[in-house]
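J.: One letter stands for each residue in the lines below.
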Amino acid sequence: MQPMSDKEFDKIFQERFDEFEVNPSKPFWPSIEERLKNKKRKNDFPLFWMVAASVIIVFFAGLYILRPNHTIRLHNDDNLQAVTQPERAIPQLKEQLLIEKKVVRKKAFIKSPVESQQVREVKRPDMPAEQQAADVTDLNKMSAKIETHENHPLSQQAVIVIPNNSELKKEASPLSDSSFHTAPVVAGRTRIKSVGDLVNFVIAKVDQREDKVIEMSDNDEGTSISGINLGVLKIKSGNNKKVRGFKVNFK
Amino acid sequence: MHMTLRHKFDADSLLEGCKKNDRKAQELLYRSLASKMLGVCVRYAKDPFEAEDILQSGFVKVFQKISEFRSEGSFEGWIRRIMVNTAIEVYRKNHRRLNVVDIDEVYDEPQSMFDMTGLETKDLLKLIRQLPVGYRMVFNMYVIEGYSHKEIGKQLAISEGASKSQLSRARALLREKILKMEGYDYATHVG
Chain A
16 MQPMSDKEFD KIFQERFDEF EVNPSKPFWP SIEERLKNKK RKNDFPLFWM VAASVIIVFF
76 AGLYILRPNH TIRLHNDDNL QAVTQPERAI PQLKEQLLIE KKVVRKKAFI KSPVESQQVR
136 EVKRPDMPAE QQAADVTDLN KMSAKIETHE NHPLSQQAVI VIPNNSELKK EASPLSDSSF
196 HTAPVVAGRT RIKSVGDLVN FVIAKVDQRE DKVIEMSDND EGTSISGINL GVLKIKSGNN
256 KKVRGFKVNF K
Chain B
615 MHMTLRHKFD ADSLLEGCKK NDRKAQELLY RSLASKMLGV CVRYAKDPFE AEDILQSGFV
675 KVFQKISEFR SEGSFEGWIR RIMVNTAIEV YRKNHRRLNV VDIDEVYDEP QSMFDMTGLE
735 TKDLLKLIRQ LPVGYRMVFN MYVIEGYSHK EIGKQLAISE GASKSQLSRA RALLREKILK
795 MEGYDYATHV G
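Going down the list, the sequences are from chains A and B. Just so you know, we're using this note's numbering here: the first sequence kicks off at 16 and counts up by one. Just so you know, we're using this note's numbering here: the second sequence kicks off at 615 and counts up by one.
To be clear, the hints were calculated from the coordinates, so they are not data collected in a lab. Just so we're clear, the structure is a prediction, and the values are computed from it rather than from any experiment. Misleading hints may appear alongside valid ones.
[As the list claims (entries may be wrong)] Heads up, simulated DSS-like pairs for lysine-lysine below, C-alpha to C-alpha not over 30 Å straight-line:
(1) B:Lys638 to B:Lys650
(2) A:Lys54 to B:Lys633
(3) B:Lys634 to A:Lys52
[Unchecked claim] If you want the footprint, here are the derived chain A segments under chain B, 3+ residues with CB under 8 Å:
(4) 65–78
(5) 225–237
For each residue, glycine too, the CB sits at the ideal point set by N, CA and C.
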């Protein structure tokens, strides 16, 4: 008899066991069925609550982001967009805060008839002028909330929420030659209408430069990217809406 | 006494029912394949109880993942593969350490003369069960399930080389034991 090779050895095992059957000691179907039922129930439960919780969170987040925010426009659009500013290393808002502080110190500390709530928000570049406007008019008529702190950490900003009142516009004297950057798109309004506005809003809080890392604007077909600034690479679609095209800057 | 089906339903005909989570179809599928699948599980398990655990867990998985089965390829083969995967899971959880040290003496001669026809399959099963668990996994997967060393390496988290060496050691051990068994048989059955 020939010595058996590995191949033959394997083959015997494979043939013997391929159709090999062992009868179960007892019927297992009931326990299998039970496990199937349990797993189904267990899976649905957390998933449902997770989905529900997520929906609720997103819903309220949306409410928060899109909450009505009345602001006052003290300048016509031209002024806001006209002034451009050389790049600065210091955050522009820091400078605004200094201006705000100066203004507040000179005038009376105005509190609203309603208790002054702490509203922590970063405001847009065009805010300081409104503060000055508030000073010169009789705020008791309106329920304005102004709040500043003397020892204000620079990360917190003074905030003004004033109901829209066109009278203020006339009496206000715009801060001259203050630094106003071209805020991308949302001129004077903080209402967010599109994804692009939302993006700009978030970016503006973080990116202090004139040309933001990414800018979006709305056009006829929807919202799209109108500018990118990655330091080395800058792209901005034409500021003049008539011009269709973009210029690319490489440093 | 567990009743095995007299007319085994063709697994493929039950596929549609199982996909729809039809309990009756599922039960019929289980009953028609239970014995065969248990035959697979007993090779991997360390004892009959573990084998039956693997069987049940395997079928639960089959029914839960039924939607993943694309009708290309054998349904029964897919079920079989799930049994093996379940066995590997149990192995990974419980028997992680592979026995590298062999206490048994291993014959250097790879080929021995013996006749295996006299041995019943259940005897061979006993021999497989006696293997150190790591060798057992590799032997089962390569020789009977037909996995490649590469696939085995992936499943068991070992190298291809380790798979090969464990396979040859498994074979050597089995041969040795068969010789011993046959020697015993000869001794008692002579005449």
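J.: Are there hints from earlier that the structure breaks, and if so, what are their numbers?
T.: 4 and 5
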